[in-house]
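From first to last, the protein sequence lines stand for chains Z and U. Note that the numbering used here numbers the first sequence so that position 269 is 269, with each residue one more than the last. Note that the numbering used here numbers the second sequence so that position 310 is 604, with each residue one more than the last.
Honestly, the hints are just simulated from the structure, not real lab data. As the structure is a prediction and not an experimental result, all values here were calculated from the model. Ideal Cβ placement from N, Cα and C applies to all residues, glycine included. Please note: incorrect hints may appear among the correct ones.
Said to hold, decoys possible - Negatives, chain Z to chain U, calculated, CB over 10 Å: (1) Glu48; (2) Leu50; (3) Pro51; (4) Pro57; (5) Pro87; (6) Thr98; (7) Val102; (8) Ala107; (9) Arg119; (10) Gly148; (11) Phe183; (12) Gly188; (13) Thr192; (14) Ile207.
Stated by the list, open to error - Computed beta-carbon distance windows for the label pairs: (15) Z:Leu46 x U:Gly468: 37 to 47 Å; (16) Z:Gly148 x U:Arg541: 45 to 55 Å; (17) Z:Ala121 x U:Val296: 26 to 36 Å; (18) U:Gly468 x Z:Gln146: 20 to 30 Å; (19) Z:Ala255 x U:Glu369: 45 to 55 Å; (20) Z:Gln146 x U:Gly368: 24 to 34 Å; (21) Z:Tyr250 x U:Glu369: 44 to 54 Å; (22) Z:Pro116 x U:Arg481: 56 to 66 Å; (23) Z:Glu179 x U:Phe544: 33 to 43 Å; (24) Z:Leu60 x U:Thr437: 29 to 39 Å; (25) Z:Asp127 x U:Pro298: 13 to 23 Å; (26) U:Val440 x Z:Leu150: 24 to 34 Å; (27) U:Asp476 x Z:Gly148: 43 to 53 Å.
Read off the chains here:
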Amino acid sequence: MQWQQVWRGEGELMLGYWSPITQSAGFVSKGALAASVILMMAGFTLSESLPAYKTSPDVLHPPSAEYWLGTNGIGQDVFIGLVRAAPVTIFLALVTATAALVLALAASSLAAFGGPAVRGAVLRVVDVLQVIPSILLLLLLAAWIQPGFLGLVVLLALTGWHEDVRVALPILLRELTRENVHFARRMGASRTYCLRHHILPAIWPAIVGLFLQNVRQAALKSAGFGFLGLTDPRLLTWGSMMQDAMEHLYTDAWAWLLLPPAGALSLFLIGILIIGEGYSQSGGLTGKEQYDPG
Amino acid sequence: MVPPILINLLSGLSVRLLVFFLLVLLVFFLPRLLPGDPVAIFLSSDLSRDLSGSEAVELRSQFGLAGGWLQQLGEYLSNLIVGDLGYSVPHAAPVSQLLKTAIPWTLLLIACAAPLFLIAGAAGGIEAGKAPGALFDRVATGTVTVIASIPPFTAAVLLLLAFGILWPVLPAGGAEPLFPSDNPLQRDFDVARHAVLPVLALSLHEVSRFYFLARGEAITLSQRPFIINACGRGIKGWRLRAAYYGRSLFPVFLARMSDSLTGLFGAVLFVEIVFSYPGTGHLIYNAILDRDYVLLQGAVIVMAGLVLLLNWIIDAVATSLARRG
Numbered sequence: 001m002q003w004q005q006v007w008r009g010e011g012e013l014m015l016g017y018w019s020p021i022t023q024s025a026g027f028v029s030k031g032a033l034a035a036s037v038i039l040m041m042a043g044f045t046l047s048e049s050l051p052a053y054k055t056s057p058d059v060l061h062p063p064s065a066e067y068w069l070g071t072n073g074i075g076q077d078v079f080i081g082l083v084r085a086a087p088v089t090i091f092l093a094l095v096t097a098t099a100a101l102v103l104a105l106a107a108s109s110l111a112a113f114g115g116p117a118v119r120g121a122v123l124r125v126v127d128v129l130q131v132i133p134s135i136l137l138l139l140l141l142a143a144w145i146q147p148g149f150l151g152l153v154v155l156l157a158l159t160g161w162h163e164d165v166r167v168a169l170p171i172l173l174r175e176l177t178r179e180n181v182h183f184a185r186r187m188g189a190s191r192t193y194c195l196r197h198h199i200l201p202a203i204w205p206a207i208v209g210l211f212l213q214n215v216r217q218a219a220l221k222s223a224g225f226g227f228l229g230l231t232d233p234r235l236l237t238w239g240s241m242m243q244d245a246m247e248h249l250y251t252d253a254w255a256w257l258l259l260p261p262a263g264a265l266s267l268f269l270i271g272i273l274i275i276g277e278g279y280s281q282s283g284g285l286t287g288k289e290q291y292d293p294g
Numbered sequence: 295m296v297p298p299i300l301i302n303l304l305s306g307l308s309v310r311l312l313v314f315f316l317l318v319l320l321v322f323f324l325p326r327l328l329p330g331d332p333v334a335i336f337l338s339s340d341l342s343r344d345l346s347g348s349e350a351v352e353l354r355s356q357f358g359l360a361g362g363w364l365q366q367l368g369e370y371l372s373n374l375i376v377g378d379l380g381y382s383v384p385h386a387a388p389v390s391q392l393l394k395t396a397i398p399w400t401l402l403l404i405a406c407a408a409p410l411f412l413i414a415g416a417a418g419g420i421e422a423g424k425a426p427g428a429l430f431d432r433v434a435t436g437t438v439t440v441i442a443s444i445p446p447f448t449a450a451v452l453l454l455l456a457f458g459i460l461w462p463v464l465p466a467g468g469a470e471p472l473f474p475s476d477n478p479l480q481r482d483f484d485v486a487r488h489a490v491l492p493v494l495a496l497s498l499h500e501v502s503r504f505y506f507l508a509r510g511e512a513i514t515l516s517q518r519p520f521i522i523n524a525c526g527r528g529i530k531g532w533r534l535r536a537a538y539y540g541r542s543l544f545p546v547f548l549a550r551m552s553d554s555l556t557g558l559f560g561a562v563l564f565v566e567i568v569f570s571y572p573g574t575g576h577l578i579y580n581a582i583l584d585r586d587y588v589l590l591q592g593a594v595i596v597m598a599g600l601v602l603l604l605n606w607i608i609d610a611v612a613t614s615l616a617r618r619g
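Isolated chain Z, as found in the complex:
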């Protein structure tokens, strides 16, 4: 099982394309993740201290000194909207990715420790989820409940976790049967000790890889729901800002209504892709993982 397989999805198998940029000194594990957390915190603080995202008589005002990115159809300042939506959009992706990963790891552990019957059952469930056209199911549910933040997290996590099991389970199984774990157990180490000192460090790179991939998927999907207007109207995301812009495609206003949220969303997605690629090439591969032919 090659580690690169973990980083599949759309950005899969780029095999080192971005690594010259991102390989330097554990780019992700230390720098990028810390930076994104700080930026997000700053975003939350900033968005709270910003003037409210309120309607005004200045409808469809082009960008000016007063409104940096213009105003939308009901006079809301696009720049303020963009900054306010940033932490929500990013946080939504991060929380959803975490929830999906936790579910996947729980299912993988259950399959790994539960014996052949349980493993078979878990894998069949994964099979079933794999062929379900989840977008249709999500549309149906979203139409009904118009999910807010929490609803979106639950919906996306429940329909996204199964993809990770296929990757996490073989890695977990491989680590469980390694000599170092067997040896430690013979020497009297407890299961938790083995988990903390042998198994977790070995599977950690794969977990981070899966997490980054989930973040991308969650961001794409939640933006899609926002764009379709299927989320709670009070939930301001870049996707929902793009939906607002759709009415103004035939006027000049598209330039300041559509491009800022679309650009921000794409920049976020491309950033995650490059970070993941850099990670799979550098930080994640420094251990024995890299040379494992298994």
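Chain U: place on chain Z using the hints.
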């Protein structure tokens, strides 16, 4: 002896039938479990505020909501088997008839886009993977990375904006002109013109998936003896790319096709909504906006069935090919 493809077909069928049945059950029970029943929601809409009590009862039975759950389920399933998916009140037409007109448009988009993104993805990926790090690889992979980070709806909106509105060389919406021509040739031409932008948007979204797959595979293939041998024998150009790389990519591509079919149907929904293309995506979206749950349920069941059917066939072929090696 039974051909292996038949065995693969049969073994894949059971799980898909199970999934389909579960989906039908879910689609049946979901509206009944969630707060607010369809009739109540329907009555609260502007469409039918002043309905009398007896009319509401009739409507209730029309929605399949009369009687106990078991009885409703039995009726629902027996209707489904004979192809009766209910009646859409906002469209004033049976759901099955609405779907019958919408599905061909969706399939047209997918059928036109699939060869485009498969060939472009394979050709680009092989070229880049043959010499990773070379100029072509650097430019192409950079471009595709950017394309991969543009969500399908953004790509569709940008294409619509560029070629439908700012520089209006192609129609911005619909599948045909308002008054289709009587001349079949002219009509085909109009349909093709209307399909260009949606097909492009759909291919653009999918191409990155297959590009990265082909590139990764080509990098690995370049180190395999049969390719090194072929290069040593002086085989190059078209023959090396198609017969050596391309043929080895085929099973991997098919396997990925069956995996990504759901994603493709998801993307086509967005594309149809942006371009007001009269396919199932557009139908589903309008059903959501109109709160037309009968249509929504019917469309979800039929689309899910279609996805499962396609995914079943592609999967069986891919497994047979992979086994052949």
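Results for each hint:
no.	hint	result
1	Glu48	holds (28 Å)
2	Leu50	holds (25 Å)
3	Pro51	holds (28 Å)
4	Pro57	holds (28 Å)
5	Pro87	holds (19 Å)
6	Thr98	holds (21 Å)
7	Val102	holds (23 Å)
8	Ala107	holds (18 Å)
9	Arg119	holds (17 Å)
10	Gly148	holds (15 Å)
11	Phe183	holds (34 Å)
12	Gly188	holds (43 Å)
13	Thr192	holds (36 Å)
14	Ile207	holds (22 Å)
15	Z:Leu46 x U:Gly468: 37 to 47 Å	holds (43 Å)
16	Z:Gly148 x U:Arg541: 45 to 55 Å	holds (50 Å)
17	Z:Ala121 x U:Val296: 26 to 36 Å	holds (29 Å)
18	U:Gly468 x Z:Gln146: 20 to 30 Å	holds (29 Å)
19	Z:Ala255 x U:Glu369: 45 to 55 Å	holds (54 Å)
20	Z:Gln146 x U:Gly368: 24 to 34 Å	holds (31 Å)
21	Z:Tyr250 x U:Glu369: 44 to 54 Å	holds (47 Å)
22	Z:Pro116 x U:Arg481: 56 to 66 Å	holds (60 Å)
23	Z:Glu179 x U:Phe544: 33 to 43 Å	holds (39 Å)
24	Z:Leu60 x U:Thr437: 29 to 39 Å	holds (34 Å)
25	Z:Asp127 x U:Pro298: 13 to 23 Å	holds (20 Å)
26	U:Val440 x Z:Leu150: 24 to 34 Å	holds (33 Å)
27	U:Asp476 x Z:Gly148: 43 to 53 Å	holds (51 Å)
Comparing the model with each earlier hint shows no violations; every hint is respected.
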